[in-house]
Amino acid sequence: MNAGQAPPKPANQHMRRNPPIAGEAEAIASAQAGDARSFETLYALHKRRVYSLCLRMLGNVAEAEDLTQEAFLQLYRKIGTFRGDSAFSTWLHRLSVNVVLMHLRKKGLPQVSLEETLEPSQEDGPRKDIGARDLTLSGSIDRVTLERAVENLPPGYRLVFVLHDIEGYEHNEIADMLACSIGNSKSQLHKARMKLRELLRTGERKEPAA
Amino acid sequence: MTGSNQENGKTMDCAEFQDRLPELFESGNDLSKEEHLKGCENCAALVRDLEYIAQQAKLLLPLHDPSPNVWSNIQSAIQNNGDQTAKH
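Those sequence lines, one after another, are chains A and B.
Heads up: the first sequence begins at 1 in the working numbering, then just goes up one per residue.
Heads up: the second sequence begins at 1 in the working numbering, then just goes up one per residue.
Honestly, I wouldn't trust all of these hints.
Stated by the list, open to error - Listed below are the simulated EDC-like cross-link pairs for lysine to aspartate or glutamate, each with C-alpha atoms no more than 20 Å apart in a straight line:
1. Lys47/A x Glu24/A
2. Lys186/A x Glu51/B
3. Lys58/B x Asp35/A
4. Lys186/A x Glu170/A
5. Lys107/A x Glu170/A
6. Lys186/A x Asp19/B
7. Lys186/A x Glu23/B
8. Lys186/A x Glu41/B
9. Lys106/A x Glu147/A
10. Lys186/A x Glu198/A
11. Lys58/B x Asp142/A
12. Lys58/B x Glu170/A
13. Lys58/B x Glu173/A
14. Lys186/A x Glu26/B
15. Lys47/A x Asp65/B
16. Lys47/A x Asp35/A
17. Lys78/A x Asp66/A
18. Lys106/A x Glu170/A
19. Lys33/B x Glu16/B
20. Lys33/B x Asp13/B
21. Lys33/B x Glu51/B
22. Lys186/A x Asp65/B
23. Lys58/B x Glu65/A
24. Lys58/B x Glu41/B
Rather than coming from a laboratory, the hints here were simulated on the basis of the structure.
Every value quoted in this text rests on a predicted model; they were computed, and no experiment measured them.
Please put together the full structure from these sequences, using the hints given.
Okay, structure coming up:
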């Protein structure tokens, strides 16, 4: 196979995280008909995933809670438009991503401007690893350590890393969401992984001294 | 001189290889078969680490529940919206 040509991946790879949930279909139908208890059921089923997505994308608890609230309010307003073309959690997830991205665009601060965060400064960027003595990470990082390192990524890197590597979106979907090129998405993901490696290795070196 | 050339040659190879890494990762090919990695432990370790990071990221689960205030606020907002709609 041509090295430049990616093999086809299964459509909606993030569906791997969206197995059917018992009782969800009934709750959706009832919530669409205006039943408040069913909407509360949907909130209970999906609040953790939506909140985690917001928190990982934003890195801030208060903002993540605000946007979780906003995502579910949008869900309340739009649930009648859900037709079941995709899994409900996939649909809600995409709605939540859009809520966060809209917030970031409105905020317009340098650290959340997509233009700027997709081109982090050279100081923030990952360095090439030419000639460096290596510590291999394999097998040595736990989830808490990785979560902490993700939190410390520059915002632009973090967005692409969270969407692709954690949430399972494809580059074409990310490019669409972030209004950037597919090449840019791929490049930012690579830089994010390089930066994470650097953060994880630095953490490893610091830990014994602490 | 030969050693220096070889060293320079290897450095160039590493730079070129690392420049191609984003594309290589996206190709979905087995990177362990890349010729450069057979002779370069540094780049091999880099590739192993980046693959490991991507694998571990897929295993990250949702973190915590939001505070109970979030649901209270949602309920209030829905209630207020309903009240306003009823008035109109």
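Each hint tested on the structure:
{"no.": "1", "hint": "Lys47/A x Glu24/A", "result": "holds (13 Å)"}
{"no.": "2", "hint": "Lys186/A x Glu51/B", "result": "holds (15 Å)"}
{"no.": "3", "hint": "Lys58/B x Asp35/A", "result": "violated (35 Å)"}
{"no.": "4", "hint": "Lys186/A x Glu170/A", "result": "holds (10 Å)"}
{"no.": "5", "hint": "Lys107/A x Glu170/A", "result": "violated (26 Å)"}
{"no.": "6", "hint": "Lys186/A x Asp19/B", "result": "holds (12 Å)"}
{"no.": "7", "hint": "Lys186/A x Glu23/B", "result": "holds (8 Å)"}
{"no.": "8", "hint": "Lys186/A x Glu41/B", "result": "violated (25 Å)"}
{"no.": "9", "hint": "Lys106/A x Glu147/A", "result": "violated (26 Å)"}
{"no.": "10", "hint": "Lys186/A x Glu198/A", "result": "holds (19 Å)"}
{"no.": "11", "hint": "Lys58/B x Asp142/A", "result": "holds (13 Å)"}
{"no.": "12", "hint": "Lys58/B x Glu170/A", "result": "holds (13 Å)"}
{"no.": "13", "hint": "Lys58/B x Glu173/A", "result": "holds (17 Å)"}
{"no.": "14", "hint": "Lys186/A x Glu26/B", "result": "holds (8 Å)"}
{"no.": "15", "hint": "Lys47/A x Asp65/B", "result": "holds (7 Å)"}
{"no.": "16", "hint": "Lys47/A x Asp35/A", "result": "holds (18 Å)"}
{"no.": "17", "hint": "Lys78/A x Asp66/A", "result": "holds (18 Å)"}
{"no.": "18", "hint": "Lys106/A x Glu170/A", "result": "violated (25 Å)"}
{"no.": "19", "hint": "Lys33/B x Glu16/B", "result": "holds (16 Å)"}
{"no.": "20", "hint": "Lys33/B x Asp13/B", "result": "holds (16 Å)"}
{"no.": "21", "hint": "Lys33/B x Glu51/B", "result": "holds (14 Å)"}
{"no.": "22", "hint": "Lys186/A x Asp65/B", "result": "violated (31 Å)"}
{"no.": "23", "hint": "Lys58/B x Glu65/A", "result": "violated (23 Å)"}
{"no.": "24", "hint": "Lys58/B x Glu41/B", "result": "violated (26 Å)"}
In this structure, the earlier hints numbered 3, 5, 8, 9, 18, 22, 23, 24 are contradicted, and the remaining ones agree with it.
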